[in-house]
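K.L.:
These protein sequence lines are chains P and B, in that order.
Everything in the first sequence is counted per my numbering, starting at 296 for the first residue and increasing by one.
Everything in the second sequence is counted per my numbering, starting at 296 for the first residue and increasing by one.
No lab work stands behind these hints, which were simulated from the structure alone.
Heads up, a few of these hints could be off.
No copy is singled out in the list; a pair is fine if it fits within one copy or between any two copies.
[Stated by the list, open to error] Capping the alpha-carbon separation at 27 Å, the derived lysine-lysine pairs in DSS-like fashion look like this:
| id | residue 1 | residue 2 |
| --- | --- | --- |
| 1 | Lys481 | Lys524 |
| 2 | Lys576 | Lys362 |
| 3 | Lys524 | Lys430 |
| 4 | Lys362 | Lys337 |
| 5 | Lys337 | Lys355 |
| 6 | Lys394 | Lys453 |
| 7 | Lys394 | Lys496 |
| 8 | Lys462 | Lys573 |
| 9 | Lys378 | Lys496 |
| 10 | Lys378 | Lys462 |
| 11 | Lys524 | Lys496 |
| 12 | Lys337 | Lys317 |
| 13 | Lys430 | Lys362 |
| 14 | Lys429 | Lys524 |
| 15 | Lys517 | Lys453 |
| 16 | Lys517 | Lys337 |
| 17 | Lys369 | Lys431 |
| 18 | Lys517 | Lys430 |
| 19 | Lys369 | Lys317 |
| 20 | Lys394 | Lys337 |
| 21 | Lys430 | Lys378 |
| 22 | Lys378 | Lys576 |
| 23 | Lys481 | Lys369 |
| 24 | Lys576 | Lys496 |
All of these numbers come straight from a predicted model, not from anything done at the bench.
2 protein chains.
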Amino acid sequence: MIYDCIIIGKGPAGITAGIYLKRYGYEPLIIAKDGGALERVKDIENYYGISHITGPELLKAGENQAKAFGISIKEEEVLEISKELHFLVTTNNGTYEAKTVILACGTSRNRYAKADNLEGVSYCATCDGFFYRKKKIALIGNGKYMAHELSVLENICKDITVFTDGKPLEAEIHSSIPVVLEPINKVIGNPHIEAIEAGGKSYPIDGCFVAIGNASGFTLAKHLGIGLKGNSILVDENLMTNIEGLYSCGDSIGGLLQVSKAVGDGAVCATSVSNYLKMHKS
Amino acid sequence: MIYDCIIIGKGPAGITAGIYLKRYGYEPLIIAKDGGALERVKDIENYYGISHITGPELLKAGENQAKAFGISIKEEEVLEISKELHFLVTTNNGTYEAKTVILACGTSRNRYAKADNLEGVSYCATCDGFFYRKKKIALIGNGKYMAHELSVLENICKDITVFTDGKPLEAEIHSSIPVVLEPINKVIGNPHIEAIEAGGKSYPIDGCFVAIGNASGFTLAKHLGIGLKGNSILVDENLMTNIEGLYSCGDSIGGLLQVSKAVGDGAVCATSVSNYLKMHKS
């Protein structure tokens with residue numbers, strides 16, 4: 296099945312976009328591992344029409360609203376998006392095909408603060424793996440997204456060490472890959488990364504890939520070569536990125552990080568996608 | 296008292312802007328005669344977090360939410376906005392002063408379709424009255440806004456006839472002004488307006504002023520010399536018009552005419568106003 300639109304994110308922007316697309320007569324699929332930033336919000340009092348609600352309650356109400364319209368929501372982790380004839384969205388559970396994609400997955404960059412200002416630190420194996428093809432590299436992360444990045448790097452780099460930074464390894468990786476489970480004490484280098492210290496030991500490296508948590512909108516955008524503006528995804532007035540058919544809305548595109556604005560974005564974005572789909576019927 | 300901001304309109308955009316401004320620590324005043332377009336909406340199912348609600352219910356919920364924050368809402372009809380040192384907003388009940396103004400009063404242009412394409416038809420006595428200073432003019436309207444426009448025209452034009460287009464006269468005007476209470480049958484002219492036919496009689500005129508219903512955002516904008524884009528008020532990315540301190544959001548600025556988008560606009564607009572007030576403290 297080819298969906299009209301895959302929406303990544305089930306916060307206010309993603310759910311609103313889904314509801315609008317469904318009502319415009321299209322078949323959207325929403326994929327998200329969780330509700331993002333709103334899950335940690337205790338009190339919302341500035342969302343028009345609702346005097347008081349918690350983040351989780353609002354997320355639940357939104358999901359139920361989408362489900363009542365018959366919209367399919369999959370709780371899966373998006374690992375990669377690619378574009379061939381259509382968009383292919385790969386999750387931990389499979390690959391889905393769609394004519395358009397909306398990135399509505401919030402601001403999280405999953406940055407690794409300790410290494411963030413150093414040269415030689417990358418957030419995209421597909422983009423930068425090739426630069427380190429004969430080098431010693433570190434890969435920081437412990438879950439499925441790390442394993443996905445590892446699968447890309449394994450084909451390119453010979454000497455990879457995974458650092459879980461004190462977290463348990465939550466994905467299966469090849470037993471030949473060394474894994475350091477101790478917390479990272481220090482990242483050394485100036486300006487280029489040189490070594491990672493963990494568990495009292497220093498590991499000299501030439502480069503470091505960060506794949507903590509889930510693939511954020513920022514990370515997915517980097518993989519696809521989407522234009523960025525600071526930490527945000529760059530969009531035009533129709534909320535389309537520089538890749539045709541790929542849209543973004545809500546916190547991902549920056550500006551006011553508020554439910555109100557995300558909901559407005561979602562409606563506008565779905566309308567743009569609907570117009571796009573109308574013009575590209577074949 | 297000088298308000299930090301007067302918001303004209305108590306629909307989703309206006310109320311959201313009010314709530315945000317209040318929470319940013321400012322004192323807003325909301326003025327609106329009614330809830331606008333939403334009052335006539337029966338079913339809303341695409342507003343995030345609320346499965347089903349009627350327009351009037353949502354308007355009521357929004358107003359109660361604003362009042363719970365201690366925001367003052369005045370049910371008055373705005374007749375004019377002017378700018379001296381501060382903004383002066385004149386209603387049927389008095390004049391209010393504010394450092395900034397947000398026009399959140401919807402799309403209604405109160406146009407008079409029969410005359411709309413003719414030359415010599417104006418929607419702003421202050422703007423265009425002078426062009427007709429020795430001419431015979433018609434003024435179409437029957438309420439307080441018509442009476443306000445008449446008060447401007449009386450100082451400029453000698454020969455004014457009011458056409459209520461079949462509606463009862465709902466404002467007090469000077470007894471020397473002829474009033475035609477019959478419905479307008481026809482507007483004659485090509486391309487310039489020449490006559491109005493009502494009640495079987497033809498009234499030759501040189502120009503016509505339209506002041507039907509309330510002063511719409513469009514009309515108020517015209518009076519102030521605000522830049523327009525088609526039927527909408529032109530704003531920059533901060534939702535400010537070409538007049539400093541004067542903002543607009545919601546349906547007034549065009550785009551998607553939806554609660555979702557109005558709410559997003561309101562939040563963004565209030566944030567811009569808050570930043571403006573911070574920079575212009577004196």
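K.L.:
Tell me, please, which holds for Lys378 and Lys576 at an alpha-carbon limit of 27 Å: within, between, both or neither?
P.N.:
Intra 18 Å, inter 51 Å, cutoff 27 Å: intra-copy only.
K.L.:
First find the shortest C-alpha distance between Lys369 and Lys431 inside one copy, then the shortest across copies, and answer within, between, both or neither for a cut-off of 27 Å.
P.N.:
neither (37 Å within a copy, 69 Å between copies)
K.L.:
As a check of your reading, is Lys337 near Lys317 (CA-CA no more than 27 Å) within one copy, between copies, both or neither?
P.N.:
Classified as between: cross-chain Cα gap 20 Å, same-chain 30 Å, threshold 27 Å.
K.L.:
First find the shortest C-alpha distance between Lys517 and Lys337 inside one copy, then the shortest across copies, and answer within, between, both or neither for a cut-off of 27 Å.
P.N.:
neither (32 Å within a copy, 44 Å between copies)
K.L.:
With identical chains, the pair Lys517 and Lys430 could be close in the same copy or across copies; at 27 Å between alpha carbons, which is it: within, between, both, or neither?
P.N.:
within (22 Å within a copy, 66 Å between copies)
K.L.:
Between the shortest in-copy and the shortest cross-copy C-alpha distance, which are at most 27 Å for Lys524 and Lys496: within, between, both, or neither?
P.N.:
neither (38 Å within a copy, 65 Å between copies)
K.L.:
Reference check for the pair Lys337 and Lys355, CA-CA at most 27 Å: within, between, both, or neither?
P.N.:
Answer is both: 14 Å inside a copy and 25 Å across each meet the 27 Å cutoff.
K.L.:
Tell me, please, which holds for Lys362 and Lys337 at an alpha-carbon limit of 27 Å: within, between, both or neither?
P.N.:
The answer is both: 24 Å in one copy and 22 Å across copies each meet 27 Å.
K.L.:
For Lys378 and Lys496, with the copy left unspecified, which applies at a CA distance of at most 27 Å: within, between, both, or neither?
P.N.:
For Lys378 and Lys496, the Cα distance exceeds 27 Å both inside one copy (42 Å) and across copies (69 Å).
K.L.:
Is it within, between, both, or neither for Lys430 and Lys378, if the alpha carbons may be no more than 27 Å apart?
P.N.:
Result: close neither inside a copy nor across copies, 29 Å intra and 67 Å inter.
K.L.:
Check Lys429 against Lys524 for me: Cα-Cα at most 27 Å, and say if that holds within a copy, between copies, both or neither.
P.N.:
For Lys429 and Lys524, the Cα distance exceeds 27 Å both inside one copy (32 Å) and across copies (58 Å).
K.L.:
When no copy is named, should Lys394 and Lys453 be tagged within, between, both, or neither for a Cα gap of at most 27 Å?
P.N.:
Close neither inside one copy (37 Å) nor across copies (65 Å); limit 27 Å.
In this structure, the hints that do not hold are numbers 1, 3, 6, 7, 8, 9, 10, 11, 13, 14, 16, 17, 20, 21, 23 and 24, in rising order.
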